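Undergrad: Now for the letters of each chain:
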Amino acid sequence: MTADVTARRAAPAPRRRGIRPGRLISRILICVVGLAFAFPFLWMLATSLKPTDEVFATGTSPLGSRLEWSNYLTAWTAIPFARILVNSFLIALVGAAITVTVSVLSAYAFTRFAFRGRATLFGAFLATMVLPQEVLIIPLYLMMQELGLVNSYPALILPFAFGAFGTFLIRQFLLSLPADYEEAATIDGAGRLRTLVSIIVPLLRAPISVVFVFAFIEYWASFLWPLIIVNDSWMATVPIGLQMFSGERGTDWGPLMAAVTLVVLPSLLIVVLLQKQLQQGVSMGGFGGR
Amino acid sequence: MTAALDHAPASAPAAPARRPQRTGRGRPARWPAVLYLGPGMLGFAVFIVVPLAASLVISVFDWPLLGSPRFVGLENYRYMLAGDPAFWRSLLNTLIFAVLYTAVNLAVALGLSYWLMNLGGRWAAFFRVLFFIPVVTPMIGNALVFRLLLDDDGVVNALLAHLGITGPQWLNTAGWAMISLVMMSLWQGMGYNIIVLGAGISGISPTVLEASRIDGAGPVNRFVRVVFPMLSPTIFFCTIMTVIGAFKVFAQPYALTEGGPGNATNTLVLHLYRNGFSFDRLGYASALAWALFVIVMLITAVQFSQQKRWVSYDS
Amino acid sequence: MMDRAALLSRRALLAGAGVGLLGASGALTACGGPTGDPSTRLYTWISSASDREQWEAFIGAAKQEDPGFALTLEGPSFEDFWTKAKTRMTAKDAPALLTTQAARTQEIGPLLAPLDGLAQDAGVDLGAFNEAMMTAMTVDGTIRAVPYDAEPMVLYFNRSLFEAAGLELPGLDYTTDHFLDDAKALTSGDVHGLAISAGLVHLGMAIGFADGGAPVADGGLTLTDPAIVEGMQFGFDLVTEHGVATAPSAVDSEPAAQQELMGGTAAMYVDGPWMYQVYADALGDDLGVGVIPSRSGDARGLIQGSGFGIAAEADDPAAAFRTLAAITTPNVIGSVAHARGTFPSLAQERDRWAEGKPEDSVRAVTALADSGQPLVTTSNWNEIVSVFAQYATDGFRGRRTAQQILGEIQEATAR
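Chains as they are written, first to last, in the working numbering: chain A, 1 to 290; chain B, 1001 to 1315; chain C, 2001 to 2415.
Chain A on its own, in the form it takes in the complex (with noise of 0.2 Å):
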């Protein structure tokens, strides 16, 4: 990983055997820390295998009566939790491929192309980097209710996808590229759409990546905008199926925590599978130390 290639170098490893006492003391303290942190998820976990009407009963003792295994398959039921599941990866997804092509012919035509008005027109863009768009959903919600698209995969995707940040991103690579390969392949005869592609986009791969992984995210924990325009479970993402073990008759709270635990397990395959290119892109993208 490319975590321990530039940690060892900014701090070599010491040549005797055997560990210094302040290392092992910093190792036992982040050992804490980390199990500190780890709680609620182990917590979490005790609850899931509880009885629903003992989760406050039994507040401080980790587990319940007995072990009430049935709340995972309950939890998988109670909800289309399978394609809760496959919504959110498909949002996420969509969403991010949406994000990252938009943002690379973006952040292409405002650097190889020059056009009246350019800078004023990217400033203006770039401006809206820092805009919470939380100021915009009603407006939003009313679009969709007038396009009949409350409820569908393309206003829980399309409404966010149109973000400055991967333009700002990809624009800053791009700028530091020489121009000269493109001019040759162009003249070559390669048509423009085929050069981008097949030049460009493969020297880009490492803020692609970033803007993958961060719009990925983005979607991925998205709350308040599906909250408003998811209208039933079959096209809830996951965030908005966990709020559905709430019923008339009360919260189901083993389930619930069961669900929770469930969706744990696909967040951390995403955080294992993307860390390297969120590492890497982070550390080579445009905030990254000098």
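These are calculated hints, taken from the structure and not from any lab test.
No false leads were mixed into what you were given.
In silico SDA-like pairs for lysine to any residue, Cα to Cα no more than 25 Å straight-line:
| id | chain 1 | residue 1 | chain 2 | residue 2 |
| --- | --- | --- | --- | --- |
| 1 | C | K2092 | B | S1278 |
| 2 | A | K276 | B | L1130 |
| 3 | A | K276 | B | W1115 |
| 4 | B | K1248 | B | E1258 |
| 5 | A | K276 | B | P1206 |
| 6 | A | K276 | B | S1232 |
| 7 | B | K1248 | A | T128 |
| 8 | B | K1308 | A | T128 |
| 9 | C | K2092 | B | V1046 |
| 10 | A | K276 | B | M1241 |
| 11 | A | K276 | B | F1126 |
| 12 | C | K2357 | C | N2331 |
Computed from a predicted structure; not experimentally measured.
Use these hints to put chains B and C onto chain A, whose structure you have.
TA: Frame of chain A, contents of chains B and C only:
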């Protein structure tokens, strides 16, 4: 302001001035420019510019979810500033949250990422992943777990009782509810800055660190004199993004405290959501949205104007 | 210089992946979503296991009468339902049927079609249903929903805790003084006299209502009705002054209180009959049901309940009404009451509900139902409920009085 953000990655060379290009077939370049820019700018217009303007229009109407809108002029703004007791409270709460959350988040994330760098190797990699997990687990699930932990008779208070401390009513007294909200949000969101700052730290040239080590600087000294200045652009970026994130806080109070007790943890976005989609007042909610917009823009502008004081872009 | 084949394949791969993802999302949107005849689709709260069982009970009973009967369900969680109904039912492919509650019908009234004419055409006698519920389901002079239950708030108690304390079981003339004495006598050690939850329509409101108060009169909010204020303050005092209950949390007060009753650490709890089966499963023969205490001892029930309505925008209201009529026949309502414990909206089906329940419990619920008045609400009830939920904590911790809290809500929401 945008120019400054644009400037952040100091190593990127400035865009060379270019003549308008021509394609192989000799067509003028502006048509392809439109083609490449088309999707992005169309989306930008449809999903950002138009809604922003529309939001301003909606805010001068009494606009229910059902039924037809009625023009009311500036009444929504008048009510916001002079009639709605929850507005000022939620604004104050949002500010308190933003200050506490940003300050503690950056301090702890910076400390942890520096610590992890010193630990190095697999240890750093493992804990970085651990700290990042809550970022991708759904907020609503995280908040529900914290609701159990922080219950009056919950685990946290039971553990405190073992130590002979009578724990507070975390979620049921105004001050502690805000502290709980901040704690839970820190647990949830800190991993993000740990990764970004960690990447920044590992980007610092080892020879520079080595040189200061040979000079006899201890870890603390090294941090203050070498790491912090070199990391200041990254810290600046993290601050901007964390502050904006803090102003958008919604899911945490929605799921952890439901804004209560009283309005003690009601925030601007929660107030906006409730007015718009639970209380059927889309017009008033739009006025709140514009208030949020103006406040965030102002605060970001202030941050950019202050950056010269502590951010150094040359290594 | 470049490997053309490799480049093309990469491009093809990217394009293929993009098309594939879009195609998949399109296919998923199309499949399984709201399809089929709107007249056989019901928008309702369907999320927790017990919600699902409830609706399946209706469908199962209707199928017994007509094997060809079909009804598909869609909807969000109960909490979200009242917000979502407004957005879902105005969409083009909306279901033609939806569920409503008496307390919410004023709020979503514009979504619901008047049923008077439809019932007449179909030969259904709406006069047979519980009168209080029909009043609550009426908006602007027309009936908007057919109720399937009519459930008065009741006082659940734990018989063995009463016996252990040497107390008489609550009778049909339970006064608030008697109730308070019992609660004090029952409180010892880990056991509290009662459990309290912080919601607006719980113990305090039920007592204020039993004393003749009403939170809404002539379509206007009257939260500061002296009887309601007094009932609420009585509830607060039980915690702050008398210490016979633990203060409910700002969130999750309901599950916590329910678990106290079920775990035997609280002797009494106010809730609806719809919870009967859940409590009976936990407490067995120890579970008793009494009337809501009142100053005079004359029980006056606060009736809530749910029913089915037809979307105002439905294309074929007559077809939708046929589906509605099929799930509100006496037999269906009776068998759901029997299986699920919902107190039926039709008097003739009470016997099937009463089967297997202790006689004194049946008497108490019936008395409250007969004396009961519906909880009629305002169109901004959702707001009032959520604002109260935020403020109640202060009341239960003695920081503010019921008069202050209710007065503030009355003023803030009367706009």
